[in-house]
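A.B. asks: Sequence:
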Amino acid sequence: VNASETSFSGKEHFIRRRRSTKPGHPTKPQGPEEHCKVVAEKKRQKKVKSTSDWRERRNAIRLTSEYTVETLVVADADMVQYHGAEAAQRFILTVMNMVYNMFQHQSLGIKVNIRVTKLVLLHNRPAKLSIGHHGERSLESFCQWQNEEYGGAKYLGNNQVPGARDDTPPVDAAVFVTRTDFCVHKDEPCDTVGIAYLGGVCSAKRKCVLAEDNGLNLAFTIAHELGHNMGMSHDDDHQPCAGRSHIMSGEWVKGRNPSDLSWSSCSRDDLENFLKSKVSTCLLVTDPRSQYSVRLPHKLPGMHYSADEQCQILFGTNATFCKDMEHLMCAGLWCLVEGDTSCKTKLDPPLDGTECGADKWCRAGECVSKTPIPEHVDGDWSVWSQWSMCSRTCGTGVRFRQRKCDNPPPGPGGKNCRGASVEHTVCENLPCPKGVPSFRDQQCQAHDRYTNKKKSLLTAVIVDDKPCELFCSPLGKDSPVLVTDRVLDGTPCGPYETDLCVHGKCQKIGCDGIIGSAAKEDRCGICSGDGKTCKVVKGDFNHTKGMGYIEAAVIPAGARRIRVVEDKPAHSFLALKDSSKRSINSDWKIELPGEFQIAGTTVRYVRRGLWEKISAKGPTKIPLHLMVLLFHDQNYGIHYEYTIPVNYTAENRSEPEKQQDSLYIWTHSGWEGCSVQCGGGERKTIVSCTRIVNKTMTLVNDSDCQRVTRPEPQVRKCNTHPCQSRWVTGHWSPCSATCEKGVQHREVTCVYQLQNGTYVNTRDLYCLGNKPAMVQSCEGRDCLSIWEASEWSKCSADCGRGIQKRTVTCTNSQGKCDAATRPREEEECEDHTGCYEWKTGDWSKCSSTCGKGLQSRVVQCMHKVTGRHGSECPALAKPPAYRQCHQEVCNDKINVNTITSPRLAALTYKCTGDQWTVYCRVIREKNLCQDMRWYQRCCQTCRDFYANKMQQKS
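Under UniProt numbering, the first residue of the sequence shown carries the number 1, and numbering increases by one thereafter.
Don't read these hints as lab results, they were simulated from the structure. Keep in mind that this is a model prediction, so the values were computed, not measured.
Distance ranges between label pairs, derived from CB positions:
{"id": "1", "residue 1": "V383", "residue 2": "K538", "range": "53 to 59 Å"}
{"id": "2", "residue 1": "S580", "residue 2": "L754", "range": "53 to 59 Å"}
{"id": "3", "residue 1": "L754", "residue 2": "V708", "range": "37 to 43 Å"}
{"id": "4", "residue 1": "L592", "residue 2": "N542", "range": "24 to 30 Å"}
With a straight-line cut-off of 20 Å between C-alpha atoms, the simulated EDC-like cross-links for lysine to aspartate or glutamate are:
{"id": "5", "residue 1": "K346", "residue 2": "D181"}
{"id": "6", "residue 1": "K538", "residue 2": "E551"}
{"id": "7", "residue 1": "K568", "residue 2": "E641"}
{"id": "8", "residue 1": "K613", "residue 2": "E595"}
{"id": "9", "residue 1": "K805", "residue 2": "E791"}
{"id": "10", "residue 1": "K434", "residue 2": "D704"}
All C-beta atoms, glycine included, are put in the ideal place defined by N, C-alpha and C.
Using the sequences provided together with the hints, build the complete structure.
C.D. replies: This is the structure:
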């Protein structure tokens with residue numbers, strides 16, 4: 001590969017551009033231009049990890065003061081050929097300097113240094129690098145190529161390992177710039193100018209950006225896509241930031257100067273969340289060699305490129321700056337191409353630093369005096385705000401406080417404030433009363449009220465890999481629906497977890513109540529303890545047979561970390577009981593798995609098939625009796641263990657607490673739904689009467705509390721977004737022609753949402769955007785395809801899966817049928833009618849030693865594959881179980897030739913004694929000797945029985 005290297009060596013997003021560059025006179029700026037979309041879900045599953053890869057990590061990582069993105073920049077051969085090697089290098093360094101300055105903007109609030117550690121100019125495209133019109137394939141190819149060339153197996157994160165090339169610093173992000181016109185989802189040119197993986201920085205094969213060289217606006221493209229690569233979503237994906245012009249806006253407004261753009265607060269939040277995750281740790285490590293790698297120009301970009309040179313970048317080497325538009329040059333760059341009679345523009349302002357008059361230059365779209373750049377002023381934090389209200393009115397919640405980097409704000413080139421702008425802490429309230437729905441269920445029920453559905457129609461469902469998104473399911477059904485991508489702060493991450501959702505992320509809560517703390521309770525229940533204040537008691541119960549309840553152990557009061565588990569699955573049941581008659585699986589009543597309040601602690605009972613487990617955190621307030629309910633089937637034993645204090649004695653055992661008097665108070669037990677669905681409304685707390693006994697709260701009738709002490713409900717604003725109009729489209733009518741071309745119609749109406757959530761028709765001019773089409777062309781297909789299919793053949797297998805076929809014929813008069821609508825000619829089938837067959841055993845010996853006798857054999861209906869017995873064999877095809885046999889003539893008094901009954905034939909069966917001594921008397925009493933099967937097992941007893949019968953007849 002002939003590549004010159006300078007001596008200083010999730011989800012995909014893409015940007016679109018407006019392709020039209022027709023010449024024209026000064027006109028008003030064009031409207032907003034859509035430039036970024038998200039690749040379809042199917043693509044994302046194949047090539048891109050979701051943002052949940054880093055969202056789901058639950059350990060909070062505090063922000064540091066500075067992050068460095070060590071970046072590889074590769075220029076494609078077509079770009080190097082277009083600009084020339086020296087000009088291409090100067091161009092890219094200027095662009096990356098602009099990108100660096102965008103990430104230094106004070107609105108980002110976090111110091112992110114974009115450091116170019118390697119610049120590669122390709123003179124010939126490598127064989128392994130495939131860049132074409134298909135954007136996703138090109139991005140994937142570049143990621144694979146850069147990993148092999150500058151990363152690969154010899155690199156581990158940001159650390160080189162033995163055997164790696166010493167001359168190549170590690171790479172956190174890789175940018176490929178090309179003049180090839182690529183697109184997303186299709187292999188043809190289009191308006192796309194940028195594509196990147198969401199949250200891919202630091203990942204070996206996802207840290208890539210693909211950008212099309214479209215002039216000096218390339219800086220915006222790279223900054224925008226690097227933002228995606230560092231976890232930033234579009235501002236349009238966040239309601240508070242939608243509709244504004246920022247670097248991560250979903251629409252790029254022509255005429256804005258990149259240096260005038262800032263980062264939104266939503267982009268900052270996305271970046272903070274990404275930097276708190278472990279996948280961003282490579283940005284904390286800087287290779288010493290990268291400090292001496294590529295040096296970016298420190299001057300303003302317009303000082304490197306004159307107005308004429310900027311026109312040549314936009315319109316070719318024959319373009320010059322249009323002198324007639326010099327008075328407006330800082331608002332938009334107008335250029336004149338040799339041979340044209342009028343000036344043209346792409347509405348892009350000239351670069352900051354472009355001269356616009358005597359001792360003046362363009363800055364942020366305005367022509368200003370070249371005053372010296374003020375001295376650097378570092379930013380500093382304001383004082384913290386007051387703590388917010390607790391996110392919950394009962395149980396454990398979260399509150400936060402904020403500060404701003406405006407005391408003073410950072411000046412040009414100054415440092416941003418270090419540390420986090422938001423701080424969260426845990427807040428504790430009184431325990432939630434019994435009978436109150438869980439916090440998640442309350443949020444689902446609130447959504448019911450927003451949508452005018454019946455109360456309590458939805459119940460919360462926790463999705464394991466998305467614990468902080470709100471999924472709700474209709475009551476009694478298992479069909480969860482995503483209601484919102486963020487639960488309220490303070491929502492537990494799971495039913496058995498102490499971790500809480502904060503700002504849409506699951507955060508670890510230490511036993512000290514601090515968010516992000518690593519403090520844990522030891523086995524003795526001491527926060528950050530050493531585990532030496534208690535001892536572990538272990539035991540095994542090996543009573544393997546019996547019937548009924550048998551006590552296995554007594555777990556004393558004060559026990560913690562209780563764990564009871566069966567050694568092997570068995571038909572027995574674990575049972576627990578305390579002195580207050582609270583129990584699990586007692587009194588021959590088997591419970592469903594779940595949580596139970598016993599002995600003052602929460603006991604979790606798990607049953608999977610025949611295997612059981614019981615666990616409890618403790619401490620227990622009264623002794624627990626561990627029992628096993630045995631049946632006649634074998635039990636394989638259980639193992640139990642728990643901890644008790646080192647100084648525990650029998651006298652320490654607590655007796656049941658004395659019943660205290662009831663206390664009735666007013667509490668805020670939840671929130672009502674919002675009074676409106678848009679336009680700004682209120683939601684109030686639900687004030688309920690609560691009874692408190694022994695630290696247990698229960699909702700009771702309001703009449704039990706004193707009405708004069710009832711507090712006023714707390715009020716919060718809600719649904720502050722304005723009511724909006726939107727287009728509503730009906731269904732397309734059937735095609736007017738059943739064959740060949742026709743038209744379809746539909747209704748299109750502009751509707752306005754009222755505050756109560758209903759919609760009313762309004763005039764079309766109140767709806768934004770173009771009115772959707774009401775008529776479209778269509779084509780009837782009845783004349784094209786007339787397929788006829790025969791009946792399906794018999795399944796090729798009579799026991800299990802097989803194949804059945806049919807004939808499909810085109811009966812169109814022209815013999816032309818649409819292959820896309822051709823019915824299947826072959827499909828899988830399943831038939832089990834021939835799975836059972838008669839199986840026979842060997843014939844027994846003749847029942848008589850002389851004369852005529854009988855032989856018998858076992859005849860059974862059995863499955864061909866599994867060998868199981870069944871009753872589905874054809875009765876008419878059953879083989880005989882008995883047949884006559886002939887021996888020599890007998891000389892005995894009894895003429896055996898007259899013995900034709902199986903029972904009499906049994907008299908001559910060679911008997912060696914009873915096989916089932918215990919049961920043979922019962923066989924005889926129940927008159928079962930006449931059955932040959934029982935006779936052969938009890939031949940001695942049954943022979944006497946038949947001998948007596950013979951004597952009675954004689």
